[in-house]
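Novice: If you're matching them up, the sequences are chains Y and F in order.
Mapping of the first sequence onto the working numbering: residues 1 to 422, in sequence order.
Mapping of the second sequence onto the working numbering: residues 1 to 422, in sequence order.
To be clear, the hints were calculated from the coordinates, so they are not data collected in a lab.
All figures in this text were calculated on a predicted structure; none of them were measured in a lab.
Each hint should be verified, as a subset may be incorrect.
One copy or two, it doesn't matter: identical chains are merged, so the pair holds either way.
What the hints assert, rightly or not - Quick list of in silico lysine-lysine cross-link-like pairs, DSSO-like style, CA-CA up to 30 Å:
#1 99 / 25
#2 341 / 421
#3 99 / 32
#4 360 / 147
#5 360 / 32
#6 99 / 388
#7 341 / 216
#8 147 / 16
#9 244 / 408
#10 312 / 360
Protein chains: 2
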Amino acid sequence: MRPLVDNNRLDRFNRKALQAEEARKLILDRVKPLPSESVTLADAWGRKLGEVLVAPHPFPPFRRSGMDGYAVRAEDLTQATSASPVMLTVLESIASGEKPVFSIAKGQAARIMTGGMVPEGADAVVMLEMTVSSEAGNGQPLVRIGKSVPAGLNVAEIGCEIQEGERLLPLGQTIGPGEAALLASCGHSRVAVARRPRVAILSTGSELLEVEEQLKPAKIRNSNASMLAAMVRECGGEPLLLGKVPDDADEAQALLRRELQRCDITITSGGVSVGDYDIMVDVLADPDIELLFNKVAIRPGSPTTAAVLHDKLIVALSGNPGACFVGFHLFVAPALKAMQKEQRPALSSFQAFLGADYPKVNAYRRYIRARTDLREGSVWVIPTGDDKSSLMTTIVNADCLIEIPPLKEGLEKGRLVTAWKW
Amino acid sequence: MRPLVDNNRLDRFNRKALQAEEARKLILDRVKPLPSESVTLADAWGRKLGEVLVAPHPFPPFRRSGMDGYAVRAEDLTQATSASPVMLTVLESIASGEKPVFSIAKGQAARIMTGGMVPEGADAVVMLEMTVSSEAGNGQPLVRIGKSVPAGLNVAEIGCEIQEGERLLPLGQTIGPGEAALLASCGHSRVAVARRPRVAILSTGSELLEVEEQLKPAKIRNSNASMLAAMVRECGGEPLLLGKVPDDADEAQALLRRELQRCDITITSGGVSVGDYDIMVDVLADPDIELLFNKVAIRPGSPTTAAVLHDKLIVALSGNPGACFVGFHLFVAPALKAMQKEQRPALSSFQAFLGADYPKVNAYRRYIRARTDLREGSVWVIPTGDDKSSLMTTIVNADCLIEIPPLKEGLEKGRLVTAWKW
Numbered sequence: 001m002r003p004l005v006d007n008n009r010l011d012r013f014n015r016k017a018l019q020a021e022e023a024r025k026l027i028l029d030r031v032k033p034l035p036s037e038s039v040t041l042a043d044a045w046g047r048k049l050g051e052v053l054v055a056p057h058p059f060p061p062f063r064r065s066g067m068d069g070y071a072v073r074a075e076d077l078t079q080a081t082s083a084s085p086v087m088l089t090v091l092e093s094i095a096s097g098e099k100p101v102f103s104i105a106k107g108q109a110a111r112i113m114t115g116g117m118v119p120e121g122a123d124a125v126v127m128l129e130m131t132v133s134s135e136a137g138n139g140q141p142l143v144r145i146g147k148s149v150p151a152g153l154n155v156a157e158i159g160c161e162i163q164e165g166e167r168l169l170p171l172g173q174t175i176g177p178g179e180a181a182l183l184a185s186c187g188h189s190r191v192a193v194a195r196r197p198r199v200a201i202l203s204t205g206s207e208l209l210e211v212e213e214q215l216k217p218a219k220i221r222n223s224n225a226s227m228l229a230a231m232v233r234e235c236g237g238e239p240l241l242l243g244k245v246p247d248d249a250d251e252a253q254a255l256l257r258r259e260l261q262r263c264d265i266t267i268t269s270g271g272v273s274v275g276d277y278d279i280m281v282d283v284l285a286d287p288d289i290e291l292l293f294n295k296v297a298i299r300p301g302s303p304t305t306a307a308v309l310h311d312k313l314i315v316a317l318s319g320n321p322g323a324c325f326v327g328f329h330l331f332v333a334p335a336l337k338a339m340q341k342e343q344r345p346a347l348s349s350f351q352a353f354l355g356a357d358y359p360k361v362n363a364y365r366r367y368i369r370a371r372t373d374l375r376e377g378s379v380w381v382i383p384t385g386d387d388k389s390s391l392m393t394t395i396v397n398a399d400c401l402i403e404i405p406p407l408k409e410g411l412e413k414g415r416l417v418t419a420w421k422w
Numbered sequence: 001m002r003p004l005v006d007n008n009r010l011d012r013f014n015r016k017a018l019q020a021e022e023a024r025k026l027i028l029d030r031v032k033p034l035p036s037e038s039v040t041l042a043d044a045w046g047r048k049l050g051e052v053l054v055a056p057h058p059f060p061p062f063r064r065s066g067m068d069g070y071a072v073r074a075e076d077l078t079q080a081t082s083a084s085p086v087m088l089t090v091l092e093s094i095a096s097g098e099k100p101v102f103s104i105a106k107g108q109a110a111r112i113m114t115g116g117m118v119p120e121g122a123d124a125v126v127m128l129e130m131t132v133s134s135e136a137g138n139g140q141p142l143v144r145i146g147k148s149v150p151a152g153l154n155v156a157e158i159g160c161e162i163q164e165g166e167r168l169l170p171l172g173q174t175i176g177p178g179e180a181a182l183l184a185s186c187g188h189s190r191v192a193v194a195r196r197p198r199v200a201i202l203s204t205g206s207e208l209l210e211v212e213e214q215l216k217p218a219k220i221r222n223s224n225a226s227m228l229a230a231m232v233r234e235c236g237g238e239p240l241l242l243g244k245v246p247d248d249a250d251e252a253q254a255l256l257r258r259e260l261q262r263c264d265i266t267i268t269s270g271g272v273s274v275g276d277y278d279i280m281v282d283v284l285a286d287p288d289i290e291l292l293f294n295k296v297a298i299r300p301g302s303p304t305t306a307a308v309l310h311d312k313l314i315v316a317l318s319g320n321p322g323a324c325f326v327g328f329h330l331f332v333a334p335a336l337k338a339m340q341k342e343q344r345p346a347l348s349s350f351q352a353f354l355g356a357d358y359p360k361v362n363a364y365r366r367y368i369r370a371r372t373d374l375r376e377g378s379v380w381v382i383p384t385g386d387d388k389s390s391l392m393t394t395i396v397n398a399d400c401l402i403e404i405p406p407l408k409e410g411l412e413k414g415r416l417v418t419a420w421k422w
């Protein structure tokens, strides 16, 4: 029989449990924002803005027509009705992208296209479908309009979208379609984005097979590494899959030190609990490693541990898939986002109705994998299944975590609860 | 003065407006799912599953311990209390990944680790913290337990997560963290995913400058192409930015035919309206092109047009940024998702409370850019600003579209409305 570790060993059992917020703060306090790199706008999708940009000019930069139609002076049409339409002289046809040649004076109009520059003097654009074009005897184009229009109709004033010098986007904002459009119109064909955090992923567990291996008795394939890699990519990071932590603590520490050179943060799964073979506990006992915390008052994932070695964060997550998933969202995702300068890196919370009875009594705050369901104006959060931390299938389709506070009795379906989304 | 196109021209004005659902159906009917390609699981993130996979074995594949502790027979502990604990003989210590040597008989237990294989005979695992280990005089390890436990406690039965032969994931499901974990545990180190749709993006508009150009009078920089490229990437596609449609219809048609070879779908922005320079109207008049529709009963984006050339879809969106954005979500995104075998490619709707008065009267169904706000269990949708189709800044932070039905009067804040999310 193998020798047993003393299961009363103080350093494993008498850990001081922090609240999740405290633990997260300890991590965020040690995050260093990554340097920015310049990428083309086409490559900036999904990246986080690494510089403060201000508008180099107002937008639109000229009075822009919002319609195909006729640029007019609204006051010329005050008396216009369908029975008694007003006839205006058409001076020119202004294509989009062309500077008008003429100013519009009393009784005059200009044909104009959507996006075209509204000529001086005109203060409204009448849509084409509300007009009838004709010609005077001398060939002079005319337009007949049978309706009055308010001044300003279909005219976007200079700077009505963006004023010169206005900050375009918050630092750390993820660049999606709207952001890309905004950056393009301000001439940012290249943009500084935060470098992607390089995230070393290590696994522990003698039961783990590689994904491509045949199943063997008592073994399972390593699923956490693939899950974590996907989560890292969701957060804009670059996963480095480094395989398994060596069983020997010295070797594992050597590996950690070596890989620290090429990564910004290290995450591990498993080996942080009170079991006999929980290698990460020994690995993190390295005297050069500064322990931030080794217990959090949450379920699942209470043995989640964080440390710093040579100024770089190491977050040791639980090995149970559910605990690993929750720990990543609560502690690693905020760190990755903060590295990329996101201004509010922690998960954001909302209030929702609990979609199923939750009978369990909790000593610790519990985070349940759930999906959001919007019904008739109400937000419900439905647990994706049994919330046992070992279950992996409940992660599929989860889009939030229900927070169940420490309670002496269970919660009934329909109760308002706090949930956290990513 | 430039010659004017007859603004009463029938083919431009008398278009037949389809409802959005009809128009979308015409597009989806012409979508061909793309062939699948095999990628490593690490590269499968964000891709859509291209094959039906079933579980090759149950999961967990053995009775798995959910705790560090002792594997016991629950019936041995029925009388156990803290005052009168039960002492069991510990046969072995079962590490995760090791097959147990012994079966557990009456009065016996085995030390076991989280994830370990529960030995024959045992039907529960008592967590380590609830036990006291000791030794008999002869050195035989013992464990003292002062509490009864139900059978099944902390034991995950074979197949309790996934049964053998069960379908793992729906076809077309996006591979995220949970999916990656599931695929890994079933040994799928490579996975077939739908090939990314290649999407040609063309722009029209004589007012358009390239993003890197200096601003000139009456001109703006092309922002739609960058916006569309980001939207294509959000949908898992690969954008091909092809610049501007030539002003000459023949040249434009030739370009379209040439590029059709290397793309799966073409999207254009601008030039579909009733203006004098709306080139796409002429381009799509090519007799080889089958028109699906050229008007939809929506605002913004009513002139949105779809056609098929040599079996490939062409969707011509409005040039106004807001209209282009809405048209993409309603018509292009569903096509891209269907190409990647997503089972429900259209946007999904939900009911929410309108976050601001909407005074406008609409002849057509209107889609307003908005963001979702969850407050105290209620879902609100807040317009991101004025819903003029020309505005681009209202796209930033929009995460849904509020649908305003054709109405004779405006809607008040707090009314329940339908919204569409992506």
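Novice: Which holds for residue 99 with residue 388 at a C-alpha limit of 30 Å: within a copy, between copies, both or neither?
Specialist: between (68 Å within a copy, 23 Å between copies)
Novice: Indicate which option fits the pair residue 360, residue 147 if close means a Cα-Cα distance not exceeding 30 Å: within, between, both or neither.
Specialist: between (69 Å within a copy, 19 Å between copies)
Novice: If the cutoff is 30 Å on CA atoms, where do residue 99 and residue 32 land: within, between, both or neither? Let me know, please.
Specialist: neither (50 Å within a copy, 45 Å between copies)
Novice: Between copies, within a copy, both or neither: which fits residue 341 and residue 421 at Cα up to 30 Å?
Specialist: Cα proximity of residue 341 and residue 421: in one copy and across copies (19 Å, 27 Å).
Novice: Checking an output row: residue 99 and residue 25, CA cutoff 30 Å. Within, between, both or neither?
Specialist: Neither way: residue 99 and residue 25 sit 56 Å apart in one copy and 42 Å across, limit 30 Å.
Novice: Should residue 147 paired with residue 16 be assigned to within, between, both, or neither, using CA atoms and 30 Å as the limit?
Specialist: Answer is between; shortest inter-copy Cα gap is 26 Å, intra-copy 77 Å.
Novice: With 30 Å as the alpha-carbon cut-off, assign the pair residue 312 and residue 360 to within, between, both or neither.
Specialist: Neither, since 38 Å and 55 Å both go past 30 Å.
Novice: If the cut is 30 Å between Cα atoms, do residue 341 and residue 216 qualify within a copy, between copies, both or neither?
Specialist: neither (45 Å within a copy, 34 Å between copies)
Novice: Could you figure out if residue 244 and residue 408 sit no more than 30 Å apart (CA to CA) within one copy, between two copies, both or neither?
Specialist: Neither: 40 Å inside a chain and 66 Å across chains, both beyond 30 Å.
Novice: Is it within a copy, between copies, both, or neither that the alpha carbon of residue 360 lies no farther than 30 Å from that of residue 32?
Specialist: Neither. Shortest intra-copy (39 Å) and inter-copy (49 Å) distances fail the 30 Å Cα cut-off.
Against the hints set out earlier in the document, violations occur for numbers 1, 3, 5, 7, 9 and 10.
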